[in-house]
Amino acid sequence: MNPYRIINPETIKSSMMNNMDMVKQLISLYLTQGKDDFKNLEQVINEGSFSDIASKAHHIKPTMEYIGASDLRLAFQGLEKAARENTAMEDIKALYFTIKTDFDTAMSELEDYASTLS
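Counting from 1, one number per residue, gives the positions in the sequence shown under the UniProt record's numbering.
No lab work stands behind these hints: they were computed from the structure.
Nothing here was measured: the structure is a model prediction, and the numbers come from that model.
Please note that a few of the clues may not be correct.
[To be verified] Simulated crosslink set (EDC-like; lysine to aspartate or glutamate; CA at most 20 angstroms straight-line):
1) Lys61 / Glu80
2) Lys61 / Asp36
3) Lys61 / Asp104
4) Lys100 / Asp37
5) Lys39 / Glu80
6) Lys24 / Glu80
7) Lys61 / Asp37
8) Lys81 / Glu65
9) Lys61 / Asp21
10) Lys39 / Asp91
11) Lys100 / Glu47
12) Lys39 / Glu111
Can you build the whole structure from these sequences, using the hints too?
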């Protein structure tokens, strides 16, 4: 049974071919690079650049599958689509804040999962 709400440890292991050293490396990398990528997304949202928002969301989106966060991937996909369609910025920001809550939860869950690996 999966004890987490956003991530899925079995998916993480499977995407790394059950190589636990690779799992640890992925998590470590994602906890740094993923957070940086998300900060970059926040910055372009604050700047109001539709094309940059779409690009940053597109960049983050596929990695969600590696950590088993399919719903979060779909949310990033929705944000990317909204930006490509020049949806009202207040609507894009609302999507972003919903995603941010789940992204922060995913990062906390990854930290917790990493602490269980020896």
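To see whether the hints hold, each was checked on the structure:
1. Lys61 / Glu80: holds, 9 angstroms
2. Lys61 / Asp36: holds, 14 angstroms
3. Lys61 / Asp104: holds, 15 angstroms
4. Lys100 / Asp37: Cα-Cα ~12 angstroms, so holds.
5. Lys39 / Glu80: holds, 16 angstroms
6. Lys24 / Glu80: violated, 29 angstroms
7. Lys61 / Asp37: This hinted pair holds, its Cα atoms lying about 11 angstroms apart.
8. Lys81 / Glu65: holds, 18 angstroms
9. Lys61 / Asp21: violated, 24 angstroms
10. Lys39 / Asp91: Answer holds: Lys39 to Asp91 is near 19 angstroms, not above 20 angstroms.
11. Lys100 / Glu47: holds, 17 angstroms
12. Lys39 / Glu111: holds, 18 angstroms
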